Amino acid sequence: METKLIFKRCVTLVILVMLILGVYILKLADFQIFNYTTYADSALSYTASSIKVTAARGEILDRYGRTIASNRMGYAIIFQASEFNKLKNPQRNEIIYRLTKIIDENEGRNEDGSPKWEDSCPLVVDEWGHVSFAENADSAIRKMEVMLELQTYATPQNCFDEMADRYETEGLAPNVARVIMGVRLEMELCGFNSSTPFTFAGDISQETMQVISENANFFRGVTVSIVPIREYTEGTLAPHLIGLTGKIYAEEFEKLRKKGYGYNDVVGKFGVEKEYEDTLRGTNGIKKVRHDEKGNVIYSEYTREPKAGNTVVLTIDSDLQRAAQESIENLVKAQQAAGIEGSGADANAGAVVVMNVNTFEVLAAATYPSFNLSTYLQDYSDLSKNPDNPLFNRALSGGYAPGSTFKPAMALAALQEYENTKDSGNPIGIDRNEQISCQGYMILEEFGGQRFLCDGVHGQVNVTKAISVSCNIFFYTISQRIGIQRMNTYCKQLGLGSKTGVGLGESVGILAGAEERASRNMNWFTGDTLQAAIGQSDNRFTPMQICTYMSTLANGGTRYSATLVKTIKSYDMSETVREDAETNKTMLAKLEASDTMMSIVKEGMRSVTEDGTASDTFENYQLKIGGKTGTADTNQSAKHEDKVESPNAVFIAFAPYDNPQIAVAVIGEKCGHGKVMAQVARDVFDAYFFSAKTSGYDVLPEGGIVTWEEKRGS
Amino acid sequence: MRVGEALGKKIAVISALGGQGSTLSAAYLSKAAADLGHAAAAVDLCGFGGTLAHMLGVGEQINMHIGDAASGACELEEALTDCGENLRILPASAFSETPLPPYSVEARRVVEELSRQGDVVADLPSGTVPDCGAVNCFDVMVICSRADKLSLQYAAALRRLLGRAREQAACGCEFRLLLTDFSPETMRSGGAVYAGSIDECIDAVGARLLGVLPHDLSAMEAVLSGQPPDTGSPLMRYARDAARRIFGETVPLDEKMTLRTILRK
Chain Y
1 METKLIFKRC VTLVILVMLI LGVYILKLAD FQIFNYTTYA DSALSYTASS IKVTAARGEI
61 LDRYGRTIAS NRMGYAIIFQ ASEFNKLKNP QRNEIIYRLT KIIDENEGRN EDGSPKWEDS
121 CPLVVDEWGH VSFAENADSA IRKMEVMLEL QTYATPQNCF DEMADRYETE GLAPNVARVI
181 MGVRLEMELC GFNSSTPFTF AGDISQETMQ VISENANFFR GVTVSIVPIR EYTEGTLAPH
241 LIGLTGKIYA EEFEKLRKKG YGYNDVVGKF GVEKEYEDTL RGTNGIKKVR HDEKGNVIYS
301 EYTREPKAGN TVVLTIDSDL QRAAQESIEN LVKAQQAAGI EGSGADANAG AVVVMNVNTF
361 EVLAAATYPS FNLSTYLQDY SDLSKNPDNP LFNRALSGGY APGSTFKPAM ALAALQEYEN
421 TKDSGNPIGI DRNEQISCQG YMILEEFGGQ RFLCDGVHGQ VNVTKAISVS CNIFFYTISQ
481 RIGIQRMNTY CKQLGLGSKT GVGLGESVGI LAGAEERASR NMNWFTGDTL QAAIGQSDNR
541 FTPMQICTYM STLANGGTRY SATLVKTIKS YDMSETVRED AETNKTMLAK LEASDTMMSI
601 VKEGMRSVTE DGTASDTFEN YQLKIGGKTG TADTNQSAKH EDKVESPNAV FIAFAPYDNP
661 QIAVAVIGEK CGHGKVMAQV ARDVFDAYFF SAKTSGYDVL PEGGIVTWEE KRGS
Chain U
1001 MRVGEALGKK IAVISALGGQ GSTLSAAYLS KAAADLGHAA AAVDLCGFGG TLAHMLGVGE
1061 QINMHIGDAA SGACELEEAL TDCGENLRIL PASAFSETPL PPYSVEARRV VEELSRQGDV
1121 VADLPSGTVP DCGAVNCFDV MVICSRADKL SLQYAAALRR LLGRAREQAA CGCEFRLLLT
1181 DFSPETMRSG GAVYAGSIDE CIDAVGARLL GVLPHDLSAM EAVLSGQPPD TGSPLMRYAR
1241 DAARRIFGET VPLDEKMTLR TILRK
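Residue numbers (my numbering), protein chains in the order written: chain Y, 1 to 714; chain U, 1001 to 1265.
These are calculated hints, taken from the structure and not from any lab test.
Just so we're clear, the structure is a prediction, and the values are computed from it rather than from any experiment.
Heads up, the beta-carbon is just placed ideally off N, CA and C, and yes, glycines get one too.
A hint or two may mislead.
To be verified - Partial selection, computed: residues in chain U whose CB lies under 10 Å from chain Y:
#1 A1016
#2 G1047
#3 P1099
#4 P1130
#5 C1132
#6 Y1154
#7 R1164
#8 A1165
#9 A1170
#10 C1171
Make the full structure from the sequences, and use the hints.
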């Protein structure tokens, strides 16, 4: 009986076990066979994450499509939070520390001793483990205190202890802990999370990339990605205009965050890179990434493709820009080398602007001294301390007295005023044939017999001769006749003392006059009018404005908005985002002067280059040129500590004389007489009119490569 | 895509101008890959027409094409036609049908699908610029160009446009230059029309050299008449060298073609 019972129980048990096993087998079959796809996908999607993909920044090209700023592909070490944050703090810390060691060994350090990974933590740990704040890091200290929720009176040690607790680095050597804290803090500041990766180090070498890739199993949550890296084809080409990108400053971040920037993003800092930031920037994409159980990326797909920024095609001609830069540098150095005290021995800087007189496209805008965009960060400390201020964009922002280059404007004003009033019975201004006697000086009785001087004794001069020999007496006289108000009516139409429209933080300049003086609570005197007429007094114009004035005169009196951007194209050049500047130009003013009056002035300017103050440079030149020299006293031009400071030298020109195409304005700080700058203009004309334009393979052929849709349509 | 599935090499052949020999190069490179023992598929992404199939000697055997496979009208396997050992072709749509846009998502999916079975050599339409999605799809883009200056100028422009697409895609697609219809003698006596050396070609285009395919009139006549590539021809020998370089082997340039020695003065 008992045996039977045991048997029954055994059978029941076996049936029960079989049933349980059957359920497991059925479930297993469901997992592995019937619904494999569903479960496999579900398992994979469990480790899927969406990450931001930085869009390539638009390129900057010259007017012929030659690259000035572009992107190259580089490697960056990027942390992905979806994997990294699964790890415990000690593991995270070990990964970070090992990475820093690899970077230090393979990449070395920056020149200032800072590491080549992201670390803005303002704590310094000395060899005895003492913690202090870094110098000149107030902003970073405040940011750290806010992040760590500490009071402003927290000591360096308080900050260190808080981070040691937060990141679990207790027990580590202080210097090791500091390295880890720096990276961990940076991660937090950058908003590192599952959708925002953290770029630990950018542009690493292939060697570093290989070491990290080969040890991918250890470096969980760390990927080596291919990222676009900004590159300047020729860092010394127009650096003031092109500008630079850089990391977002703390004080910029709040404003930029509203536009969708992340703390880790780069942004244009100055020049075209800054001015056209919205155009160049592009739209970041989102990539869905799946990892296996070891954290390896096994699949990635865009859920939103990154849209690269647009390409900005500048009006600059690289060849001409290079020629202008070289020429102004050579000239300033030559003046220094000649060492003539009071006439260029102390020359230190200069600027050149070249413009198409019909479109007002800026073909070149050179500043000397200059810098190299490719080494800007390394050089910055020296550059910022240089007394000649190489970082200053003289071509667009420097304010210079134009000296005698102002005289053509004066001549035009006086001629046109005479034309307007000659039938009134009381004409003002000057007739084209009237001659004025130059004895080398004139005395103004109302100024207590003050003498106003000329550079020579020119005898009887008419207007063209006065421009040719730059006779001050002639222009003193006509300024007395027409007065500052009428003078300035024409100057304003010529764009002097107003922005040219080129942007990039250009200065507005100063057009001397009673109005401007009144704005400073100062009086205007008759003697000031005489000084203003020869381009002195308060007159201060940028080289860009002076070139605009020259272009307006050369093209027959129409002033357009100056532009540095020829067109804007989509990144792949298939679409035009902004029309060509030539067809899209904006007229700013029309000079109220007749063609005849302008011809007389230009005739005087031609005479300058043929038998006037610039004839030495342009004698037997292949082209007919219109030009004007200017020698402008600076405020310090008088004796200064027993040394005579040289005047600024200015030269303006247009060519060809009969059918003007380009205008040039050249300024040399403390370079002496304006005629020396004529050589720079000549170099520019040589480069523009007589040099081979482009090297063959660089030029995008006409038509040819199109999109598939366009090809099919055609 | 399943974990652990091996992917074949995805190679695109493209040129900036018609007549540079890109379809011929695609035919020979795919045949060369097959000769080297790789399971290869030649894909005609030129939109329409059966030139690649014709050049691989199977122009008369085509029933289904890439458009049918992409639209689901047939299975991918059904649209593939055998072209001898290790090689199959997925032809372009017939002229009478609506072509599958070569840079469409559907076309990229077909290439991805084929790469799970082996290497893919895709012939892209000449004179067109692939978008970032297309560049992202391929491992290598072979830019075919003759060695004359105009062709190189176009190839350089295409290279720049491809570079932009690659930066947009943030991918590691490699660009290689394949000089086609190449003759040292022509280059030597070419005056102002031809580049002076292979180095000049490389510098002009700005891409690493994959190889040179010689001027081989008889091989060209054969494929144009619908015969399969002649495996014994000089053209195939050089195509094989180029294919071996794509697969990572180091194969020096043939002495006859090493034009560092024939710099024109």
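Now for the hints, and whether the structure bears them out:
A distance limit of 10 Å between C-beta atoms decides the matter here; for A1016/U the minimum to chain Y is near 5 Å, and the interface restraint holds. The beta carbon of G1047/U comes within 7 Å of a beta carbon in chain Y, closer than 10 Å, and the hint placing it at the interface holds. The closest approach between the C-beta of P1099/U and any C-beta of chain Y is roughly 8 Å, which is under the 10 Å cut-off, so the hint is satisfied. Because the closest C-beta pair between P1130/U and chain Y is about 8 Å apart, less than 10 Å, the hint holds.
Annotation: interface hint on C1132/U holds; nearest CB of chain Y at approximately 7 Å, less than 10 Å. Hint status for Y1154/U: holds, given a least beta-carbon distance of 6 Å to chain Y, under 10 Å. Using the Cβ-Cβ criterion of 10 Å, the hint placing R1164/U at the interface with chain Y is satisfied: the shortest such distance is roughly 5 Å. Satisfaction of the interface hint for A1165/U is found here, the shortest Cβ-Cβ separation to chain Y being roughly 6 Å, below the 10 Å cut-off.
Hint status for A1170/U relative to chain Y: holds, with the closest Cβ pair at about 6 Å, below 10 Å. The interface hint given for C1171/U holds, since its Cβ lies 7 Å from the closest Cβ of chain Y, which is under the 10 Å cut-off.
Comparing the model with each numbered hint stated earlier shows that all of them hold.
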